[in-house]
Amino acid sequence: LRALRAGVLSTVSLITEPRLVAIDFPDVQTVLGRGNRTLMGLGYGEGTDAATQAAQSAIDCPLLGQSLLSSATGCLIDLSGGVELAIKDIHNGLMRVHNVLPSASRMVFGVSALDTISCRAYMTIFATGISCDVPSLLTG
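Residue numbering for the sequence shown follows the working numbering, beginning at 1 and increasing consecutively.
Hints are computed from structural coordinates only; laboratory data are not their basis. Worth double-checking, as some hints may not be accurate.
DEER-style ranges, computed between Cβ atoms [claimed, not checked]: (1) His98 x Leu32: 16 to 24 Å; (2) Ser131 x Leu20: 29 to 37 Å; (3) Ser103 x Glu17: 24 to 32 Å; (4) Leu63 x Arg106: 16 to 24 Å; (5) Glu17 x Pro102: 26 to 34 Å; (6) Ala22 x His98: 18 to 26 Å.
Ideal placement from N, C-alpha and C gives every residue a C-beta, glycine not left out.
Using the sequences plus the hints, can you model the full thing?
Right, dumping it as structure tokens:
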């Protein structure tokens with residue numbers, strides 16, 4: 001239930017809160033409206049490469065997984081970090097996700113720097129257009 005709450009809050013904040021990199025509702029609709037299944041991955045990182053750690057953690061999240069992400073037709077990403085989050089860190093974190101996605105996949109992202117977070121980063125990935133049999137993967 002916490003994961004679902006985090007996903008909903010992440011999507012709402014992508015559209016409504018001021019950000020370093022902002023997106024709007026049509027961006028969200030373009031990615032999430034691509035059909036099929038949508039899965040979510042949540043990640044966390046800390047230290048000098050917090051954004052990259054958060055990206056890898058979200059990719060490896062049991063709710064998503066790298067094998068499912070690699071079949072996505074669209075990807076919506078919410079990256080939040082402290083005010084020390086540099087452009088290079090943002091780039092490295094987003095490239096970690098980009099390198100897993102198929103080349104034809106559409107990736108849209110929003111980035112926020114919050115003074116309430118220090119040396120940490122959080123990433124939420126919404127991968128859509130997953131073409132494999134998700135229910136059998138989740139039920140084992």
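Going through the hints against the structure:
no., hint, in the structure
1, His98 x Leu32: 16 to 24 Å, "18 Å, holds"
2, Ser131 x Leu20: 29 to 37 Å, "33 Å, holds"
3, Ser103 x Glu17: 24 to 32 Å, "31 Å, holds"
4, Leu63 x Arg106: 16 to 24 Å, "21 Å, holds"
5, Glu17 x Pro102: 26 to 34 Å, "30 Å, holds"
6, Ala22 x His98: 18 to 26 Å, "19 Å, holds"
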